[in-house]
Amino acid sequence: MPVHSRSVVNRLFEAPAIGRMAPASALIVYGLLAVWTAVVCFPLYWILITSLKSAADVNGGPVYLPWIDFTPSLHAWRELLLIDYEDTLRSYLNSIVIAVLSTLLCISVGSMAAYALARMTYRPKFGNILMFVLVMIAAFVVIGKLGVDWKLAVSVALAVWFLLVRSIGRHFTKSVGNADILFWMISQRILPPIVTVVPIYIMFQNLRMLDTHLALILTYAVVNLPIVVWLMYDFMNGIPLELEESAQLDGASRFRTFWEIILPLAKPGLAATTLLVLILAWNEYILAVFLTTSNAQTIPILVSAMNAGERGILWWSMCVVIIVMIIPVVFMAIVLQRFISKGVLLGAVKG
Amino acid sequence: MSNARTYRVSNSEHNQSLTHRLSEWFDRQASTLFITPAVILILVFSIFPLVASLVIAFSRFRLRAGSYQVRFVGLKNFEKQFFGSEQFHFLGTFKGMSVLGYAVSAVAALLVLWWLYRYCRRQFWWLGFIGRLLSAAMGLGLVLLFSATLLSGHQFGTLGVTVFYVFAGCLIQFVIGLSLALLCSQPIRGKTFFRVVFFLPLMITPIGIGYAFRMLADTTKGPFSPIWQLAGLGDFSWSTDPWAARIFIVIGDSWQWIPFVFIILLAALENIPRDHHEAAQVDGASGWQIFREITWPQLVPVAATVMLIRLIEAFKLVDLPNIMTSGGPGIATESMSLHSYYAWRSLDLGQSSAIAYLLLFTTVIICVSFFNYVVVGRIRRNAA
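Those protein sequences? They're chains A and B, same order as listed.
For the first sequence, the residue numbers in this note's numbering are 1345 to 1695.
For the second sequence, the residue numbers in this note's numbering are 5 to 388.
This is chain A alone, in the form it adopts within the complex (with noise of 0.2 Å):
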């Protein structure tokens, strides 16, 4: 019988059709697959069911199912969100409010200049950058040797250097374009947070702003910008031009035409990148650990603060708190995933 028995391994092995799979590399298709689900669920089911258990449950060795190998108990929840819950609340009110409004300052400021940039021309003069920059580091100079107060030493500075370009600036040849400055917008992504925070940091206390809900939405909004000029920039330049140019001959105003054709026309791309900023500020830890203590706590510190006390680590209250941070970017997630599947977000990264 080896031909009844080719068959049946051709069978195995070869896909019936075109654009289906042979049962054999299906099978290790869905295993791979499945092997993966298992991978990535499994640290979130240990983070649900361990805000079930008891402290004996977790400090006596592992158990795994609830009812079968331990009792689950809603004690850190009730703790958490009834007993205890001011800090949780303020906390996520916290979080709420700077990611909310961050991302709506990152995303106006973010896709007004990447508007800016894909349809008008810019041609700031070289040498007037070049004077800025004399004229900055002249106010700093003049701030750190004499001590001349700084909103003093920098609207002087600016004013010099208004001057300037209002003077001689019309002497200058080289220029850079609209290239040049969205390469500078972007490029400020590869800036570690780490470099910049510490300045930020002395200059917030300076302010007497730290630890304030505003100290942290400016720092958000300007850490997460060069991804909304980027993602939006090429949104912009995929939207066709003559709408825009039948708005202008009708005589609206470039707010205008921004405001009622572009952002509708925009809003698969501004719905990614709202979403994806949204999740990034409200997931955001080190920069909330410079810029908070206790007032604007966000809640990521709070996850964090369940490992300080003399108790160690208390693992069901954090988990309690990680899955009631999680819940809501879960749905977001579930949202943005269609916006991917577009294309969406691949379009910049082709460029």
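Watch out, some of these pointers could steer you wrong.
Stated by the list, open to error - The calculated label-pair distances, taken between Cβ atoms and stated as ranges, are:
1. A:Pro-1410 to B:Gly-238: 23 to 33 Å
2. B:Gln-33 to A:Tyr-1429: 45 to 55 Å
3. A:Val-1441 to B:Arg-66: 41 to 51 Å
4. A:Leu-1376 to B:Ser-290: 10 to 20 Å
5. B:Thr-244 to A:Asn-1550: 55 to 65 Å
6. A:Gly-1687 to B:Val-378: 39 to 49 Å
7. A:Ile-1512 to B:Lys-99: 31 to 41 Å
8. B:Val-378 to A:Arg-1510: 21 to 31 Å
9. A:Tyr-1429 to B:Lys-225: 21 to 31 Å
10. B:Pro-230 to A:Ala-1368: 25 to 35 Å
11. A:Ile-1512 to B:Arg-349: 43 to 53 Å
12. B:Ser-290 to A:Val-1441: 53 to 63 Å
None of these hints come from the bench; they were simulated from the model.
Here the structure is a predicted model, which means the values were calculated and not measured.
Every residue, glycine too, gets a C-beta built ideally from N, C-alpha and C.
Fit chain B to the known structure of chain A by using the hints.
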């Protein structure tokens, strides 16, 4: 049409009004007004701190109650990292180089010289040459560092650790991310389900991941402890052995970032037209041939950019080592960002900024090199 006319008529009636003149002025200045907020934000929160950080890196900086004191010390902070008391921390311990170390560095030096020679022979542009000289110096420096520490049996410092995280992490993430994307691009059912599930880790806060992996890695109380007991490694701890701890952090980082590589590469794979693929299948090409000849060439541009983004982000790694191992055992898992953070916490702001600047320097040279030789270099080669 009539609508537009009434609009214009009503406009001309109020032609002289202040609001109209103001809005006209706004429209004329639109190009400036659109971009100024972004420029100001970046100048104030990015460029100014960057410059200030450089100033701090060159000085001894003391925080006092409500004020601070700056004293210029020149290159002292950097000197300390390279030659002074912090050398073991930043670069590693040097106690002579082994034969293997000498051999590897000699080979690396020859390769770098040959690469530069070839560039000079083919085309020469002084700016390109300086760029290549910098990349070559960085590459050779890193090889020397690893041959003097790792290959000679000594500890390496935070620079080596960071480079290890970046390259090991990016490699693992690329290989697994690409494999998952290829698996998901097969004609399977439940594609949306897998896409959502595989995407999840990227959305979860690094803090949560750090603590979750700490629980998983516990060999006595963690979920895998029966396996460890069975393997006779019950007393083994991931956080006390330097290499185990480093690999442990790379695993955590990869778990989080594989979804990013996966999701973008999957979108790219789905953008490739299917007809070439199917034509090749009809012609009887094997899966590997189809991948190498059809899929890969179209995937390379996206893959290069994704890896560039990963490279940039990987240098910033700080939360995971901070939470999973607190940089320990000793300094074995301390990344440069974490090193800088610890220096800040002990109020040595000068050193903190100096390390941060060294990190920036390393990041820029490696990322720009990657961008020039891989991302753009490919385009140039194709054009030539």
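Hints, verified against the model:
Between Pro-1410 of chain A and Gly-238 of chain B the beta carbons are some 26 Å apart, a value that agrees with the proposed interval 23 to 33 Å. Separated by about 50 Å at the C-beta atoms, Gln-33 of chain B and Tyr-1429 of chain A satisfy the suggested range of 45 to 55 Å. Taking 41 to 51 Å as the suggested C-beta distance range, the pair Val-1441 of chain A and Arg-66 of chain B does not conform, at roughly 34 Å. In this structure the hint that Leu-1376 of chain A and Ser-290 of chain B lie 10 to 20 Å apart at CB holds, the actual value being about 19 Å.
For Thr-244 of chain B paired with Asn-1550 of chain A, a C-beta distance near 43 Å fails the hint of 55 to 65 Å. For Gly-1687 of chain A paired with Val-378 of chain B, a C-beta distance near 23 Å fails the hint of 39 to 49 Å. Between Ile-1512 of chain A and Lys-99 of chain B the C-beta distance comes to about 60 Å, which lies outside the given range of 31 to 41 Å. Judged by the Cβ atoms, the range 21 to 31 Å given for Val-378 of chain B and Arg-1510 of chain A is violated: they are separated by roughly 45 Å.
In this structure the supplied range 21 to 31 Å holds for Tyr-1429 of chain A paired with Lys-225 of chain B, their Cβ-Cβ distance being about 29 Å. The hinted window of 25 to 35 Å between Pro-230 of chain B and Ala-1368 of chain A holds, with their beta carbons roughly 33 Å apart. Checked against the hint of 43 to 53 Å, the C-beta distance between Ile-1512 of chain A and Arg-349 of chain B comes to roughly 48 Å, which is consistent with it. About 56 Å separates the C-beta atoms of Ser-290 of chain B and Val-1441 of chain A, a value consistent with the hinted range of 53 to 63 Å.
The structure does not agree with the numbered hints 3, 5, 6, 7 and 8 stated previously, though it agrees with the rest.
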